Amino acid sequence: MLDAKESKPPYILEYHPYNEYSLLIQWPQIVSENILEELSAFKKTLQHLYPEAILTAAYASILLVFPERITSFSALKAQIKQGYDTFSENSTSGIEQRPLSLYKIPVCYQAAFAPDLEAVCTQLKLSPEALISKHSQATYTVYGIGFLPGFMYLGGLNPELEIPRKSSPRMKVPAGSVGLAAKQTGIYPCESPGGWQLIGQTPIPLFNPLQDPPFFAEVGDKIQFTPISKDTYKLLQIQVAAGIYNIEKTIYTQL
Amino acid sequence: MIKVLKAGLYSSIQDLGRSPLQPIGVPMGGAMDRESAQNANALLENAPEAAVLEITMTGPVLAFTENAWVAFSGAVFPIYLDQNKIANNTPIWVKAGQELRFGTLEKGVRLYMAIKGGFLSDILLGSRSMQAHLSPMIKLEKGMELPHATGEKDQAVILEKKSNTPLDAKKIRAFQGPEFRALDVSQQREISQQIFKVSNLNNRMAYQLLPPISPFEKSQLTGPVLPGTVQITPAGNLMVLMREAQTTGGYPRILQLTAESINAMAQLKTGDTFRIKILPLN
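Sequence lines, in order, name chains S and L.
Counting from 1, one number per residue, gives the positions in the first sequence under this note's numbering.
Counting from 1, one number per residue, gives the positions in the second sequence under this note's numbering.
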């Protein structure tokens with residue numbers, strides 16, 4: 001995968017009829033903050049244009065799934081292309097404000113919650129303190145949601161924390177585990193098998209099927225990790241159980 | 001309600017799934033052979049979204065505690081209501097106290113049992129479909145009780161109507177996927193000429209096919225996928241994503257099954273063979 005910080009809008013989009021009901025829109029297939037930011041803004045425009053469609057975004061793609069068969073892909077493409085042109089003009093002239101949502105997730109990095117922390121530190125030649133500060137000082141971007149309900153692919157990891165997946169995956173990774181895998185970090189929203197290197201755990205449930213909405217974030221949102229002590233972990237667990245805990249959210253506009 | 005006396009291999013409550021939640025990583029889920037599930041519902045004049053029982057490979061043993069109309073569609077099993085053999089594709093009146101059991105699978109692999117008014121298990125995120133990581137149970141277990149709408153004896157019309165899903169499809173139809181053109185022409189030809197076989201790795205999430213075609217090692221940015229998406233692994237294995245597939249994938253998406261062919265695939269089992277026919281889409 002290429003990194004392309006220099007990529008700038010407007011982009012040449014590609015349109016691929018995906019099935020009888022769906023159209024795939026692709027930006028240049030690279031990992032880029034600029035692309036992701038534009039894509040998540042344009043997704044809102046598309047959702048407004050097609051309220052009946054289900055829009056799934058990931059990295060540099062949006063898939064539009066309609067409830068009915070698409071009668072003319074060329075008409076749909078032309079309409080979206082026109083929408084993108086107008087959108088691009090508005091963006092470059094600064095009419096469009098793009099507020100970003102930032103969520104802060106408390107994470108306990110202590111040994112009892114971080115089965116791979118010691119081994120990861122040894123391999124990366126970092127002290128636990130250095131690893132924790134590098135992991136919790138970055139602001140991450142949600143590039144995609146998949147693998148499990150509410151599993152966010154987070155980009156923006158400090159390159160010093162890049163480490164391959166474990167050679168043999170665990171059969172059971174507990175819910176809330178925070179892991180590292182290559183250029184990414186992520187949180188397991190539920191118990192699952194998994195091969196990521198586990199360096200911490202959050203006491204807050206990320207995905208709750210009994211709540212509406214069950215999940216708080218969408219592609220394009222920002223995530224930060226706040227280091228917490230074992231005592232705070234337990235306190236938050238109690239707050240969660242009592243139903244009084246809310247994820248900390250900030251909305252800001254990027255310059 | 002219906003009591004599960006024996007669970008069978010893999011039976012689960014399914015409806016049309018949770019497609020609106022794809023953007024937050026929830027698999028669509030729902031009946032694997034949607035056409036047969038809807039046909040079973042239609043026989044009872046149920047709404048298409050009424051929950052049905054999806055029975056796979058070997059059937060459960062079920063005891064009815066209330067009267068109910070039921071209808072079966074999809075795979076062919078000998079079905080016994082107490083001692084009497086009953087048929088697919090027509091409504092059947094079941095009386096409280098009767099037991100339903102299934103013989104050895106004859107054709108296809110997934111059978112749908114609709115019940116008048118539908119199964120009434122809990123709705124979770126807009127659907128009653130059992131789903132890994134979401135619902136407390138992902139399949140029937142011995143001793144479970146399945147709530148359902150209660151039936152009245154007067155069914156307006158006794159319909160007979162078959163599902164359009166073939167139970168032994170020899171041709172699976174697909175469109176070119178977004179990365180189809182990244183394949184070599186020789187690989188594209190391999191796909192059209194190969195006789196594929198369903199490997200023993202097949203379930204509600206995916207079907208892996210045999211044999212692999214030539215290796216394909218190009219890297220690929222993670223993107224959205226759908227049920228029916230065919231991915232190719234670096235070793236050249238084709239993976240057909242099914243209803244419970246995850247919502248994004250990092251392998252090249254070389255084909256996309258037609259809506260009808262996803263249903264047809266859902267009736268194929270380990271060892272079944274077929275060809276892939278590539279169709280235009282525009």
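Quick caveat, the hints were computed from the structure, so don't treat them as lab data.
Computed from a predicted model, the values in this text were never measured in an experiment.
One thing to keep in mind: the hints can contain errors.
[Claimed, not checked] If the Cβ cut is set under 8 Å, some of the chain L residues that face chain S in the computed set are: (1) Pro23; (2) Val26; (3) Leu124; (4) Leu125; (5) Gln193; (6) Leu226.
We put the beta carbon where it would ideally sit given N, CA and C, even for glycine.
Restraint satisfaction for L:Pro23 [CB to CB of chain S, less than 8 Å] | 5 Å, holds
Interface hint outcome for L:Gln193 [beta carbon to chain S under 8 Å] | Violated: closest Cβ of chain S sits about 24 Å from L:Gln193, beyond 8 Å.
Would you check whether L:Leu125 satisfies its interface hint, that is, whether its CB is within less than 8 Å of any CB in chain S?
-> 6 Å, holds
Interface hint for L:Val26, Cβ within 8 Å of any Cβ on chain S | 4 Å, holds
Can we keep the L:Leu124 interface hint, with Cβ of chain S closer than 8 Å?
-> L:Leu124 check passes; min Cβ-Cβ to chain S is 5 Å, inside 8 Å.
Holds or violated: is the Cβ of L:Leu226 closer than 8 Å to a Cβ in chain S?
-> 7 Å, holds
Against the hints set out earlier in the document, a violation occurs for number 5 only.
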